[in-house]
Amino acid sequence: AQKVTQAQTEISVVEKEDVTLDCVYETRDTTYYLFWYKQPPSGELVFLIRRNSFDEQNEISGRYSWNFQKSTSSFNFTITASQVVDSAVYFCALSEINAGNMLTFGGGTRLMVKP
Amino acid sequence: ETGVTQSPTHLIKTRGQQVTLRCSSQSGHNTVSWYQQALGQGPQFIFQYYREEENGRGNFPPRFSGLQFPNYSSELNVNALELDDSALYLCASSSHSLAGADTQYFGPGTRLTVL
Chain P
1 AQKVTQAQTE ISVVEKEDVT LDCVYETRDT TYYLFWYKQP PSGELVFLIR RNSFDEQNEI
61 SGRYSWNFQK STSSFNFTIT ASQVVDSAVY FCALSEINAG NMLTFGGGTR LMVKP
Chain U
1 ETGVTQSPTH LIKTRGQQVT LRCSSQSGHN TVSWYQQALG QGPQFIFQYY REEENGRGNF
61 PPRFSGLQFP NYSSELNVNA LELDDSALYL CASSSHSLAG ADTQYFGPGT RLTVL
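Protein sequence lines, in the order shown, are assigned to chains P and U. 115 is the number that the numbering used here gives the last residue of the first sequence; the numbers go up by one with no jumps. 115 is the number that the numbering used here gives the last residue of the second sequence; the numbers go up by one with no jumps.
These are computed hints drawn from the structure, not numbers from a lab. Backbone N, C-alpha and C define an ideal beta-carbon position, used for all residues, glycine too. Incorrect hints may appear among the rest.
What the hints assert, rightly or not - DEER-style ranges, computed between Cβ atoms:
{"hint": "1", "chain 1": "U", "residue 1": "L83", "chain 2": "P", "residue 2": "P40", "range": "34 to 42 Å"}
{"hint": "2", "chain 1": "P", "residue 1": "Y64", "chain 2": "U", "residue 2": "G40", "range": "19 to 27 Å"}
{"hint": "3", "chain 1": "P", "residue 1": "A1", "chain 2": "U", "residue 2": "L67", "range": "25 to 33 Å"}
{"hint": "4", "chain 1": "U", "residue 1": "S65", "chain 2": "P", "residue 2": "T31", "range": "26 to 34 Å"}
{"hint": "5", "chain 1": "U", "residue 1": "P62", "chain 2": "P", "residue 2": "F47", "range": "14 to 22 Å"}
{"hint": "6", "chain 1": "U", "residue 1": "E52", "chain 2": "P", "residue 2": "T5", "range": "29 to 37 Å"}
{"hint": "7", "chain 1": "P", "residue 1": "D29", "chain 2": "U", "residue 2": "E52", "range": "21 to 29 Å"}
{"hint": "8", "chain 1": "P", "residue 1": "F54", "chain 2": "U", "residue 2": "G58", "range": "21 to 29 Å"}
{"hint": "9", "chain 1": "P", "residue 1": "T80", "chain 2": "U", "residue 2": "R51", "range": "39 to 47 Å"}
{"hint": "10", "chain 1": "P", "residue 1": "T78", "chain 2": "U", "residue 2": "T14", "range": "40 to 48 Å"}
{"hint": "11", "chain 1": "U", "residue 1": "G58", "chain 2": "P", "residue 2": "K70", "range": "22 to 30 Å"}
{"hint": "12", "chain 1": "P", "residue 1": "N67", "chain 2": "U", "residue 2": "G58", "range": "24 to 32 Å"}
{"hint": "13", "chain 1": "P", "residue 1": "E59", "chain 2": "U", "residue 2": "G3", "range": "20 to 28 Å"}
Said to hold, decoys possible - Partner residues are not named here, just some residues of chain P that face chain U (Cβ under 7 Å, in silico):
{"hint": "14", "residue": "F47"}
{"hint": "15", "residue": "R51"}
{"hint": "16", "residue": "G62"}
{"hint": "17", "residue": "W66"}
{"hint": "18", "residue": "G100"}
{"hint": "19", "residue": "F105"}
To be verified - Far from chain P by the CB rule (all over 12 Å, computed), these chain U residues:
{"hint": "20", "residue": "S7"}
{"hint": "21", "residue": "T9"}
{"hint": "22", "residue": "T14"}
{"hint": "23", "residue": "Q17"}
{"hint": "24", "residue": "I46"}
{"hint": "25", "residue": "N71"}
{"hint": "26", "residue": "N79"}
{"hint": "27", "residue": "S86"}
{"hint": "28", "residue": "G109"}
Could you build the full structure based on these sequences and the hints that come with them?
What follows is the structure in structure tokens.
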């Protein structure tokens with residue numbers, strides 16, 4: 001069965017600090033997809049990134065970067081030079097190819113960036 | 001914004017009543033998934049609709065049912081409401097692909113309160 005664990009329930013940083021959100025997943029499939037979503041107070045889940053299990057290259061998008069390591073079943077998310085607007089709940093999610101397009105979410109990490 | 005819309009925004013019902021939530025998918029998407037998000041938790045997959053048929057279901061009882069229409073919009077119906085059904089209900093649209101999990105884009109959600 002698939003499972004996603006986000007051990008950090010809440011993180012508080014001061015603006016301009018770097019912060020890493022951890023995500024550990026469990027799956028028996030060799031083909032799967034990993035996602036990160038952002039949920040601001042408004043409630044809508046905003047898609048950030050999608051990664052398939054065959055692509056272990058790290059990715060950078062502006063202040064955001066993602067580190068995918070199959071050896072440790074982790075898909076961590078780093079925000080560089082955090083800003084107050086980054087304050088939100090961040091979810092990591094997993095989709096197995098044999099489970100259709102069903103997303104299994106972690107419990108989320110609430111990030112608070114203080115000015 | 002994703003182009004996925006949901007109605008109503010908020011809803012208050014009493015235990016035992018029935019409720020219908022609606023979702024319009026993003027242009028070009030033919031698959032709709034529904035998720036339940038209890039306060040402080042990650043979203044839980046309810047079911048998915050593709051070509052007007054249920055295409056996968058999570059661990060939810062039969063009183064949770066759905067429909068998909070020819071224009072790909074969808075409804076989530078919940079009968080015999082219970083207090084634990086109070087949650088944010090999220091709809092997500094995506095394209096159906098045999099190659100793997102397509103990115104799901106979420107709507108703003110419907111906040112259901114059961115008294």
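Hints, verified against the model:
1. U/L83 / P/P40: 34 to 42 Å: Cβ of U/L83 to Cβ of P/P40: about 27 Å, so the range 34 to 42 Å is violated.
2. P/Y64 / U/G40: 19 to 27 Å: Because 24 Å falls inside the window, the suggested range holds.
3. P/A1 / U/L67: 25 to 33 Å: The hint (25 to 33 Å, Cβ to Cβ) holds, given that P/A1 and U/L67 are roughly 28 Å apart.
4. U/S65 / P/T31: 26 to 34 Å: holds, 31 Å
5. U/P62 / P/F47: 14 to 22 Å: At 31 Å between Cβs, range violated.
6. U/E52 / P/T5: 29 to 37 Å: Roughly 36 Å apart at Cβ, these two residues keep to the hinted range, so it holds.
7. P/D29 / U/E52: 21 to 29 Å: This hint holds: roughly 28 Å between Cβ atoms.
8. P/F54 / U/G58: 21 to 29 Å: holds, 26 Å
9. P/T80 / U/R51: 39 to 47 Å: holds, 43 Å
10. P/T78 / U/T14: 40 to 48 Å: For P/T78 and U/T14 the Cβ distance comes to about 46 Å; the hint holds.
11. U/G58 / P/K70: 22 to 30 Å: holds, 26 Å
12. P/N67 / U/G58: 24 to 32 Å: holds, 29 Å
13. P/E59 / U/G3: 20 to 28 Å: holds, 25 Å
14. F47: holds, 6 Å
15. R51: Status violated, d = 11 Å.
16. G62: With a minimum Cβ separation of about 19 Å from chain U (threshold 7 Å), the hint on P/G62 is violated.
17. W66: violated, 15 Å
18. G100: Where the cut-off is 7 Å and the nearest Cβ of chain U is about 4 Å from P/G100, the hint holds.
19. F105: holds, 3 Å
20. S7: holds, 14 Å
21. T9: Incorrect as stated: the minimum Cβ-Cβ distance to chain P is 9 Å, not above 12 Å.
22. T14: Its Cβ never comes within 12 Å of chain P, the nearest being 23 Å, so this holds.
23. Q17: holds, 23 Å
24. I46: violated, 10 Å
25. N71: At roughly 20 Å from the nearest Cβ of chain P, U/N71 sits farther out than 12 Å, so the non-interface label holds.
26. N79: Since the minimum Cβ distance to chain P is about 23 Å, U/N79 lies beyond 12 Å and the statement holds.
27. S86: holds, 14 Å
28. G109: U/G109 is in fact no farther than 12 Å from some Cβ atom of chain P, at 5 Å.
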